[in-house]
Amino acid sequence: MTAVLRARGLGKRYRQQWALSDCALDIPAGRVVGLVGPNGAGKSTLLSLAAGMNTPTTGEIEVCGGKPGSGPDQLAKVGFVAQDTPTYPGLTIAEHLRLGAALNPRWDAALARKRVERLGLDPKKRAGQLSGGQRAQLALTIGIAKRPELLLLDEPVAALDPLARRGFLQDLMETVAEQGVSVVLSSHLVTDVERVCDYLITLVSSRVVLAGDIEDLLAAHHRLTGPRRDPATLPADQHVITASHTDRQTTLLVRAESPIIDPAWTVGKVGLEDLVLAYLESPDAATPRPALEVLR
Amino acid sequence: MIEFYLDSGSGLSPYQQIVQQVRHALRLGLLREGDQMPKVKDVAAQLAINPNTVLKAYRELENTGLVSARPGVGTFVSATLPGVTPAVLGPLRRDLRRWIAKARLAGLDDEGITALIADTFRETTTEDIA
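Here the protein sequences come in this chain order: A and B. Okay, so the first sequence: first residue is -9 according to the working numbering, each after it adds one. Okay, so the second sequence: first residue is 70 according to the working numbering, each after it adds one.
Quick caveat, the hints were computed from the structure, so don't treat them as lab data. This list has only true hints and no planted wrong ones.
Each computed EDC-like pair below joins lysine to aspartate or glutamate, with the alpha-carbon atoms no more than 16 angstroms apart:
1) B:Lys110 <-> A:Glu168
2) A:Lys57 <-> A:Asp16
3) B:Lys108 <-> A:Glu164
4) B:Lys110 <-> B:Glu72
5) B:Lys108 <-> B:Glu131
6) A:Lys114 <-> A:Glu85
7) B:Lys108 <-> A:Glu168
8) B:Lys110 <-> A:Glu164
9) B:Lys125 <-> A:Glu205
10) B:Lys125 <-> A:Asp203
11) B:Lys110 <-> A:Asp161
12) B:Lys125 <-> A:Asp206
Chain A on its own, in the form it takes in the complex:
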């Protein structure tokens, strides 16, 4: 399968601060990718690099087979809705659609009009008078009416109430089913990610600590509980992400490619939220480093 986004050694530095470092990604086409991580982890930076709103300090990034922001063809392939779903407050909805039609070669006017109608928005209303949910829906409408191959959404639902959030995600999923567009969306809400995404990228302190197909990730992680034990005595292919101990009991979250057969452990499944939290808690566990490396 072709990659819709490919990054190698990608990094971005603002003054002395690395917002994104040494990022390697291969996102297959046709997926809905959830981008999670604490504030300041580099989510927005990655999205703006992919959109071509920003240029990398190091490494390279390829989006839909081209360099982000490299020309009109490239811009037409990528839809980007920045944080807080910006619109032009002084322009009406109809004017937004006219602007979209003038600026985007692949603009689908019928789709845009139909969506505005279905959302019950008055085309004569100015964007500044819309509620947060309506504004997000307008931004999404423009994003999908340009018929991109990849839709980048930076925390699209963060400011929305639960009802508006559900409405937004419903429309997004309908679009994915209809158009087969690839989506990368950042969010703090792992429950949303679990529902709508099938691929996960976790960023912590400017680095990718976990990336992959959500089903594969869940299948490869296990919660082990059993009598107290030193995690260092585990088989080599079981990699500890988090460990906690009481006097008698040890609880581990491990990544293991093969099934856990040790009868001393009670093996449990790990939910996506717990998995993400484990990596946020101990991002260093993500990349197993051999002890020898310390000598370098």
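Mind docking chain B on chain A? Use the hints.
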């Protein structure tokens, strides 16, 4: 037509819940052979879930022979699941009642009884697999 819902507290993944809801509907006679299943796009939009999740559930139902896809038309229920008649259910329930009474007499409380049932159930299902 069946309408799906998601129960976040069920412990089952969304795709498993869809499969289970179809199976239950078949057992209870709410879905019958020949009924059309909702379109993948509509389920994805209604539940706000990834269309691939719906596709996966439908594919599993197809593999177990419960539904079949007619290209360009839709997905249809193609089999029924055996529902159990009250005549069969009655005696089974009576046996179970007798057993529960015996377990109580032996000193097990409700939690002990459910634990024993769950454990034995797990044991027999793994034996069946093996």
